[in-house]
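Colleague: What follows is each chain in one-letter form.
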Amino acid sequence: MLDVRLLTQPFNPGAFIGPFTNAHPGLGGVCTFVGEVRGGGGVEALELSHYEPLTLPGMQALAETASSRFGLMGMLMLHRVGKMYPGEPIVCVSAAAVHRRAAIEAVDFAMDHLKSNSWFWKRELRAGNWHWIEPRDQDHADLRRWG
Amino acid sequence: MAKLVFLGRLADLAGRAEAEFGFSAPLDWLDVVQWLTDCFSEALGDAVRDPKVRVALNGVILTDRKGLELHNHDELAFLPPVSGG
Chain U
1 MLDVRLLTQP FNPGAFIGPF TNAHPGLGGV CTFVGEVRGG GGVEALELSH YEPLTLPGMQ
61 ALAETASSRF GLMGMLMLHR VGKMYPGEPI VCVSAAAVHR RAAIEAVDFA MDHLKSNSWF
121 WKRELRAGNW HWIEPRDQDH ADLRRWG
Chain G
1001 MAKLVFLGRL ADLAGRAEAE FGFSAPLDWL DVVQWLTDCF SEALGDAVRD PKVRVALNGV
1061 ILTDRKGLEL HNHDELAFLP PVSGG
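So the sequences go chain by chain: U and G. Residues in the first sequence are numbered consecutively from 1, following this note's numbering. Residues in the second sequence are numbered consecutively from 1001, following this note's numbering.
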């Protein structure tokens, strides 16, 4: 089962992970990553914008690629858009598989592609001013790990 | 009328996230850049010419923007490089 969503409101990852896990009886392992808005550095808020015709279809395609590449039983992929604050979840990726390594690697793969290759634009509010976040070399290096 | 959509920092440059405009004959890429330059700013016209800015017509990324043919009711989006982590 692939469950891919864009969320406009704060969410509780556990409320999604529990049902996702229960939907895959017989699984051998579930791996979950939850990313939160980092505090520190004077960041007061983060805002994510997206482009409706591309962002969700791109996430869906990524989940399908991860699922077939790692032979998953299922993948949960949730991403926030809009304005959020330090400590709030921004992304949650969970993979269910027969064996642990597939689940762990699928989540790592999905996160690298979500961060570097998905249609999101981020800006941070610091000292009352918005600053766009630019791509980093590290993001591209992360992607190259997967060939 | 066609709809233009500006993402990320391009929305700041345009001063808005979307714009609509009408025209009588289909426009090509140079027409669109000229319209952005005249109606918004030279900075916006220059910014969309950057090859790192991707262009999507009706939700499909153009592989060759020079081949663009924009008609009424189309949606053209300008997508700067996405933010990393």
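Careful, some of the hints might be misleading.
Pairs of lysine-lysine residues, derived as DSS-like cross-links and limited to a Cα-Cα distance of at most 25 Å, are as follows [as the list claims (entries may be wrong)]:
id, chain 1, residue 1, chain 2, residue 2
1, G, 1066, G, 1052
2, G, 1003, G, 1066
3, U, 83, U, 122
4, G, 1003, U, 122
5, U, 122, G, 1066
6, G, 1003, G, 1052
Quick look at which bits of chain G chain U covers, simulated, 3 or more residues with Cβ under 8 Å [claimed, not checked]:
id, region
7, 1005 to 1011
8, 1022 to 1035
To be clear, the hints were calculated from the coordinates, so they are not data collected in a lab. Just so we're clear, the structure is a prediction, and the values are computed from it rather than from any experiment. Cβ coordinates follow ideal geometry from the N, Cα and C atoms, glycine included.
Colleague: State for each hint whether it applies.
Modeller: Now for the hints, and whether the structure bears them out:
Taking the CA atoms of residue 1066(G) and residue 1052(G), the gap is about 15 Å. The hint holds against a cut of 25 Å. Among the hinted pairs, residue 1003(G) with residue 1066(G) is consistent with the structure: their alpha-carbon atoms are about 19 Å apart, no more than 25 Å. Proximity of residue 83(U) to residue 122(U) is assessed by CA-CA distance (about 10 Å); at most 25 Å being required, the pair is judged to hold. Proposed proximity of residue 1003(G) and residue 122(U) is supported: the alpha carbons are some 23 Å apart, at most 25 Å.
A hinted pair counts as satisfied when its Cα atoms are at most 25 Å apart, and residue 122(U) with residue 1066(G) does not qualify at roughly 29 Å. Distance check on the hinted pair: residue 1003(G) and residue 1052(G) sit about 21 Å apart at the alpha-carbon level, within 25 Å; holds. For the region 1005 to 1011 of chain G, the proposed coverage by chain U is satisfied: 5 residues have a C-beta within less than 8 Å of a C-beta in that chain, meeting the threshold of three. Beta-carbon proximity to chain U at under 8 Å applies to 0 residues in the region 1022 to 1035 of chain G; the threshold of 3 is not reached and the given coverage is violated.
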